[in-house]
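Make a model of the complete structure from these sequences and hints.
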Amino acid sequence: MTQTDLERQLDEFDPAVRRSALAELIRNGKAGFPSPKPDVNIHLHTFFSFNGAGYSPSRIAWEAGKYGLEVAGIVDFDVLDGLNEFLEAGELLGIKTTTGLETRVYIPEYAGKVITSPNEPGVHYFMIQGCYELPRPGTQVEAILKMMALTARERNVRVMQRVNKYLGDVTLDYDRDVLPLTPSGNATERHLLLAYDRKSRHALGKRAAAFWASVLDTSETETGQLMTNPPAFHEKLRSKLMKFGGAGYVPPDSGSFPTVEQVVQVGQGIGALPTNTWLDGTSEGEEDITALLELLVGKGVVAMNIIPDRNWNINDPDERAVKLAKLGEAVAAAREFDLPLSIGTEMNKAGQPFVDNFQAPEMAPHAGEFLRGAQFFYGHTLLARWADFGYFSAGAKDAFVDDRRARNDFFTRVGAEARPSRRLHETLCERASGLGPDQILQIVRSC
44 MTQTDLERQL DEFDPAVRRS ALAELIRNGK AGFPSPKPDV NIHLHTFFSF NGAGYSPSRI
104 AWEAGKYGLE VAGIVDFDVL DGLNEFLEAG ELLGIKTTTG LETRVYIPEY AGKVITSPNE
164 PGVHYFMIQG CYELPRPGTQ VEAILKMMAL TARERNVRVM QRVNKYLGDV TLDYDRDVLP
224 LTPSGNATER HLLLAYDRKS RHALGKRAAA FWASVLDTSE TETGQLMTNP PAFHEKLRSK
284 LMKFGGAGYV PPDSGSFPTV EQVVQVGQGI GALPTNTWLD GTSEGEEDIT ALLELLVGKG
344 VVAMNIIPDR NWNINDPDER AVKLAKLGEA VAAAREFDLP LSIGTEMNKA GQPFVDNFQA
404 PEMAPHAGEF LRGAQFFYGH TLLARWADFG YFSAGAKDAF VDDRRARNDF FTRVGAEARP
464 SRRLHETLCE RASGLGPDQI LQIVRSC
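To convert a position in the sequence shown, counted from 1, into this note's numbering, add 43.
Quick caveat, the hints were computed from the structure, so don't treat them as lab data.
Hints may contain errors.
To be verified - Across the chosen pairs, the derived CB separations fall in these ranges:
1. Q183 - A364: 43 to 51 Å
2. F287 - R219: 26 to 34 Å
3. A393 - F287: 21 to 29 Å
4. E67 - F401: 46 to 54 Å
5. F287 - P408: 30 to 38 Å
6. D331 - G181: 38 to 46 Å
7. G394 - G72: 23 to 31 Å
What the hints assert, rightly or not - 27 Å max Cα-Cα, derived BS3-like pairs, lysine-lysine:
8. K279 - K249
9. K242 - K440
10. K440 - K156
11. K109 - K189
12. K242 - K283
13. K189 - K80
14. K286 - K208
15. K80 - K392
16. K440 - K342
17. K156 - K342
18. K109 - K208
19. K369 - K189
20. K279 - K392
21. K279 - K242
22. K80 - K109
23. K109 - K392
Note that CB positions come from ideal geometry on N, CA and C, so glycine has one too.
Here is the structure:
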């Protein structure tokens, strides 16, 4: 079997097939990995929520090794289903890995302001980064996570029902048409769009273009051309059918999303890091980044996420200038509040790059902080997983008390100097108990 065939098997829904393919790839080609570059991406969605290329956690780990990422990380919407697979794949491949969860929360203090969810005042994208273990069964944290997944499903079903009613001739059954597109039942709007596209082509054949032309108010010729580019076609459908003003749009209410306090509780309950997400600084809620961060840090936020590509890789020069300036303000604010930065490209729709262009002039002023942020998250993940010395551990609290900057610097140094290996993991597990930061750092350096 060729390497290409094995790489395809990494994206099979059957976990046994993925494990077997990864083991074979390691036997055949791991020695060919390049040395890590100073490039990172710790915000890559997998097929457990939606990945534009259909990548599984194992595939992302493999591609990260092939590319030579210094740190790679996955983030999925509302679930941690890829956590163990990704961290274990990273350990097998000898690469630095992190995992996280993204969701939307409600912030009552911003009930009258749009923050990061367009046209939805008070609704905010939010993350838990540096996750290293699943919540224990029967805990309140597990219950909140299950509630989040159920709420997301219920919202999707309501969107689907509205779109079904609007379309009439092309309708979906959630269990039959949507859930088979995802390995663990965690569907998103992008799965709905894919399902509607497939259903229309199957049911209508050549008449599908005419059907969608009437929905989109475009010519049949234009629609037919658009359908040859599925990602662009799906974005058009999403805007028309599911976003604000669309036939399937479901306005948020008090039960649509968890509160920010609930998600912070989830993060702290599993020793992970509550992380603010920053969009582009142009909304009313993000205009005063200092006020927003003061509120969220007070609620337990310890880090911040940015998607750099959407803030500089912009064709319009005026828009680019505004968003680049806002990006600089956000990075400066994160520095002021001692919030390490999580960055990445998402890959939650086709066409997004696997890694940011760190050689771009627009990235140069911030590339060092982006690299250090990823190293910080890996340092925390490594020590939490193998030494019981994560960011919120008793040992870290005793060592650093309220000195956030010293705590951040320690985990960043660990993440920068560690060389992932079985020997390092075993040595930390055997020797790190009861040790302080300096002794732990010596172990990391010696392995």
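Hints and how they fare:
As the Cβ distance of Q183 to A364 is approximately 47 Å, the hint placing it in 43 to 51 Å holds. Between F287 and R219 the Cβ separation comes to about 29 Å, which falls inside the hinted range of 26 to 34 Å. Hint check: A393 to F287, Cβ distance near 23 Å, so the stated range 21 to 29 Å holds. Roughly 32 Å separates the CB atoms of E67 and F401, a value that falls outside the hinted 46 to 54 Å.
Restraint check, F287 to P408: a C-beta distance of roughly 34 Å satisfies the suggested window 30 to 38 Å. Distance hint check for D331 and G181: the Cβ-Cβ separation is about 41 Å, which falls inside the suggested range of 38 to 46 Å. As the Cβ distance of G394 to G72 is approximately 27 Å, the hint placing it in 23 to 31 Å holds. At roughly 20 Å between alpha-carbon atoms, K279 and K249 fall within 27 Å of each other, so this suggested pair holds.
Between the alpha carbons of K242 and K440 the distance comes to roughly 54 Å, so the proposed pair goes past 27 Å and is violated. Simply put, K440 and K156 have alpha-carbon atoms about 35 Å apart, too far for the 27 Å limit, and the pair is violated. Restraint check for K109 and K189: not satisfied, since their Cα atoms lie roughly 35 Å apart, outside the 27 Å limit. Simply put, K242 and K283 have alpha-carbon atoms about 18 Å apart, close enough for the 27 Å limit, and the pair holds.
Our distance criterion of 27 Å between C-alpha atoms is broken by K189 and K80, whose separation comes to about 38 Å. Between K286 and K208, the direct Cα distance comes to roughly 16 Å. Compliance with the 27 Å bound is thereby established for this hinted pair. Taking the CA atoms of K80 and K392, the gap is near 25 Å; set against the 27 Å cutoff, the hint holds. Between K440 and K342 the CA atoms are separated by roughly 18 Å; this keeps the pair inside 27 Å, and the hint holds.
Taking the CA atoms of K156 and K342, the gap is near 18 Å; set against the 27 Å cutoff, the hint holds. The hinted pair formed by K109 and K208 fails the criterion: a straight-line CA distance of about 46 Å is larger than 27 Å. For the hint linking K369 to K189, the alpha-carbon distance of about 36 Å lies beyond 27 Å, and the restraint is violated. Restraint check for K279 and K392: satisfied, since their Cα atoms lie roughly 13 Å apart, inside the 27 Å limit.
Only pairs whose Cα atoms come within 27 Å are accepted, and K279 paired with K242 is accepted, the gap being roughly 17 Å. A C-alpha spacing of about 11 Å is found between K80 and K109, which places the hinted pair at or below 27 Å, so the restraint holds. The suggested pairing of K109 with K392 holds, with an alpha-carbon distance near 21 Å, which does not exceed 27 Å.
In the structure shown, a violation is registered for the earlier hints numbered 4, 9, 10, 11, 13, 18, 19, in ascending order.
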